[in-house]
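Enquirer: Residues per chain are reported as follows:
Protein chains: 2
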Amino acid sequence: MTAYDALIDHVRQTRALSTAAGILSWDQEVMMPEKGAPARAEQMGALEAAVHTRRTDGRVADLLADAGAEKIDRSPAEAANLRLIAHETKRASRIPADLAQAIAKKTAIAQGVWAKARATNDVPLFLPHLEEIVALRREEAAAVHEGDGPLYDALLDVYEPGMTVAQLQPLLEGLRPRLTALREAIAAKSDAQPNFSGTSNKDGQMTLAHKVAEITGYNFTAGRLDLSVHPFSSGSNNDVRITTRVDEANPMGCLYSTIHELGHALYEQGLPADLEGQPAGASVSMGVHESQSRLWENQIGRSAQFCTHLYPLAKEHLGAMGLGDAQAFHRAVNRVETGFIRTEADEVHYNLHVLLRFELERDLIGGDLEVADLEEAWNTRFERDFGLAVPDPAHGLLQDVHWSVGLFGYFPTYSLGNIYAAQLNEALRAAVPDLDAQLARGETGAVLSWLRENVHTKASVNEPGAIVENASSQKLSSEPLLTYLETKYATLFGI
Amino acid sequence: MTAYDALIDHVRQTRALSTAAGILSWDQEVMMPEKGAPARAEQMGALEAAVHTRRTDGRVADLLADAGAEKIDRSPAEAANLRLIAHETKRASRIPADLAQAIAKKTAIAQGVWAKARATNDVPLFLPHLEEIVALRREEAAAVHEGDGPLYDALLDVYEPGMTVAQLQPLLEGLRPRLTALREAIAAKSDAQPNFSGTSNKDGQMTLAHKVAEITGYNFTAGRLDLSVHPFSSGSNNDVRITTRVDEANPMGCLYSTIHELGHALYEQGLPADLEGQPAGASVSMGVHESQSRLWENQIGRSAQFCTHLYPLAKEHLGAMGLGDAQAFHRAVNRVETGFIRTEADEVHYNLHVLLRFELERDLIGGDLEVADLEEAWNTRFERDFGLAVPDPAHGLLQDVHWSVGLFGYFPTYSLGNIYAAQLNEALRAAVPDLDAQLARGETGAVLSWLRENVHTKASVNEPGAIVENASSQKLSSEPLLTYLETKYATLFGI
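Protein chains in written order, with our numbering: chain C, 34 to 528; chain H, 34 to 528.
By construction, these hints were calculated from the structure, which means they are not laboratory data.
Accuracy of the hints is not assured; some may be wrong.
Below are the EDC-like pairs computed for lysine to aspartate or glutamate, each with C-alpha atoms no more than 16 Å apart in a straight line [said to hold, decoys possible]:
| no. | chain 1 | residue 1 | chain 2 | residue 2 |
| --- | --- | --- | --- | --- |
| 1 | C | K139 | C | D106 |
| 2 | H | K244 | H | D379 |
| 3 | H | K68 | C | E309 |
| 4 | H | K123 | H | E179 |
| 5 | C | K68 | H | E309 |
| 6 | H | K521 | H | D379 |
From the derived model, a few chain C residues whose C-beta atoms are all more than 12 Å from chain H [as the list claims (entries may be wrong)]:
| no. | residue |
| --- | --- |
| 7 | E67 |
| 8 | F265 |
| 9 | A422 |
Don't be surprised by glycine CBs; every beta carbon is placed ideally from N, CA and C.
Could you build the full structure based on these sequences and the hints that come with them?
Expert: Shown next as structure tokens:
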């Protein structure tokens, strides 16, 4: 056995422990009896320890060195495996064990404090914990940081390998002026927006969710669809699982959450079988993942043409919804309304929410903003971008769990996902000129085929930016997203 | 931290990996998408390897020695922890790694061969594999064996700690003459047995299963009830899961499988919370486990009094079943019929099936019977004990999966379970004189309380035999089981 093969075996087995933990997490949200939580926490801790032991095993570095010395021509996937394993091993070796433990411990506590603080609008309760978390993750960033860029680059790299502030900032900040202008133009026409009324029961919503899953090509012999409090997707390859939620008063929540998670799930089901279990065979980044969910949810799922197919299906399973025809349905699922909560935001506002968070967390990690000044900074910027005063911290600084669990560098991947999705959508539509006609007939096979070929099967053989640039035959740019949004809402609102 | 505490921490974490594997096994049978099997096999292998690494870690032996040297008074539970960990560590250290691997590899292959052999009645296909398995498990037994008894003792000890052939054989063989006589006496009256007719749908069967679970005191905040191909129970303490099966033409299969698995599950839910995760806090043996399932299934679930409560419930959810009253229901769930298949056997025949297997496997391991002569030995003994000629191997030697996966020493625990159950039932009824009246009202709280106090909370602090003897205030004996069966069927059949 070559050193390379031994290395891949080692890494595969480590990954099997991680994916086992993934099944346990899914089980915890979907199946576990309520009293099972303490035992589950012990199981997750034991798995994490076993994974850590294997990752930091000196054998990995030895095998990497031996594999590097082997005189064998490597395929692109093999070269990617070596690159990815070396990158992770270096990172793991540079983070002191006591720092990793301190982060795990602190965030476990802070998440509970955050939940309490949000429920009681108690910012001072949460800020001391946030301060410690920022300090710990700055310490981590400093330990692994390379190059001349800001510390924040080292955190960004965890979720979007290869991405830097230098590349990200212009992409994101380019969005603000035109999104703000679009928001204002739509606000002036807001009486033109129809809305849903009435309720629809759980069975109807779940039947529709299953039908939509089948339409998109989700493979139920390699996947599941269940209910949970917050929708999520997990797993990969031949065991992918998505969840959705049911709110009888808001059937569109179930429908579009399902389509969003299906986008994630189709990506995971489309990863190359011959690289299963290898680093090069995994999904490549949070941003590319989000591009898949957003493309299916928005560019496909909220398109006028797909809505003409969805409307009669929705009517059959959800009832009349107070909407007279497919056009009204299409307008209702594309309502634009300024609000405080990111997760409820429409396509126009969503990236403004992300921009706000990106700039604040970049400044926190960069040392340009103190945690003590965070709430004021949030509220000031929010009013500037959204034209509304934040009424309380639960609708402002305290709304998201992310910072309490140490996720810095993660928020921007949501907007990168939207940017990537718009680039991919342009290329998809160029490759499939009659896509609109297909979507109107409920045929999405061409979408899946194109994504399979250009994104899914690429897995992690290249870096995320390169995958999107190759697939879309253009450099990363926010222009396709802005053009898509401006064109769409111009048609919808006559602006 | 004392060496004892460090040892318990280590063992708890190892056990958390094992219980994680238990959740994955449950998931595999109940939830996993069909294509998930290969990835699941990798996860299970990785977990097994992680468990093995921790079990054979030299630190365990060091901590055991250090804990033994600590001048601290140990509680009975602490002493049991040390005894159980020492026992397992010694056993693990004596089994060479390549032997353990050979057994795992051989049985994984043989299980598939057995399934094929059973489907095609092809004994010669299976026997060479069985021969290797017998040789491997003999080698394992020889490596760990202690004392003057036969090799088989070392295998028995895995499933029923402390049990020996010297103690087991008289218990089991004492059953044969009186069971055979009972079987013949009933056969002479077999026209007196009513039977179910008609079908009942899945929803009705599952609703009844849930209701019966609630009657027994199964805690759904610490447990689940789902469907699977073969009913089983898994988990412990606050995350216990049972499954049942639905056959529309045989609603009693679902009902009594559920009650059987509930017996296992109530035991696991009743283990002492303060010893959770420790060896002394686990269920004590396969035999005691089976005593719980069989006591609930038979001594409670098939009793005339509980049947008077079950009948109207069953009628409500399953339909009329072709049975006029509770008495007919009681007679129907206690039908006696000679058959070839162990898993379908009634209370009279069940132990005769086990006896046959015990004697054969004892002789195989002892070297007194060759694998080549096994089929003839099976068929000869079957005809002697059951009065019927085995029609084909699928109804004979090839019916059970056990030997193909290396389970030697396991079969007797089924009969031990029945023997223990009858002893416990005698003591329970002495302690709760009006139990019959309670059961007729559907009240089983006294049963659960008595089992909690006398069996469940004892966990593994003592050896299984001692737990049953203490709970029943008598030595292990097959007399209570024989008396129970003879009395029951005398009443039912007027013999």
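Enquirer: Beyond 12 Å from every Cβ of chain H: is that where the Cβ of A422/C lies?
Expert: 44 Å, holds
Enquirer: If I take the minimum Cβ distance from F265/C to any residue of chain H, is it greater than 12 Å?
Expert: 16 Å, holds
Enquirer: Holds or violated: are the alpha carbons of K139/C and D106/C at most 16 Å from each other?
Expert: Violated, at roughly 45 Å.
Enquirer: Is the Cα-Cα distance between K244/H and D379/H 16 Å or less?
Expert: The hint is violated at about 24 Å.
Enquirer: So if I understand the rule, the pair passes when the alpha-carbon distance is 16 Å or less; does K68/H with E309/C pass?
Expert: At roughly 13 Å apart (the allowed maximum being 16 Å), E309/C and K68/H satisfy the hint.
Enquirer: Holds or violated: are the alpha carbons of K68/C and E309/H at most 16 Å from each other?
Expert: Holds, at about 13 Å.
Enquirer: Run the distance test for K521/H versus D379/H: straight-line Cα separation, threshold 16 Å.
Expert: 13 Å, holds
Enquirer: Is K123/H within 16 Å of E179/H, Cα to Cα?
Expert: It holds: about 11 Å lies between the C-alpha atoms, which stays within 16 Å.
Enquirer: Taking the shortest Cβ-to-Cβ distance between E67/C and chain H, state whether it exceeds 12 Å.
Expert: Non-interface label fails for E67/C: nearest chain H Cβ at 5 Å, not farther than 12 Å.
Comparing the model with each earlier hint shows violations of hints 1, 2, 7; every other hint is respected.
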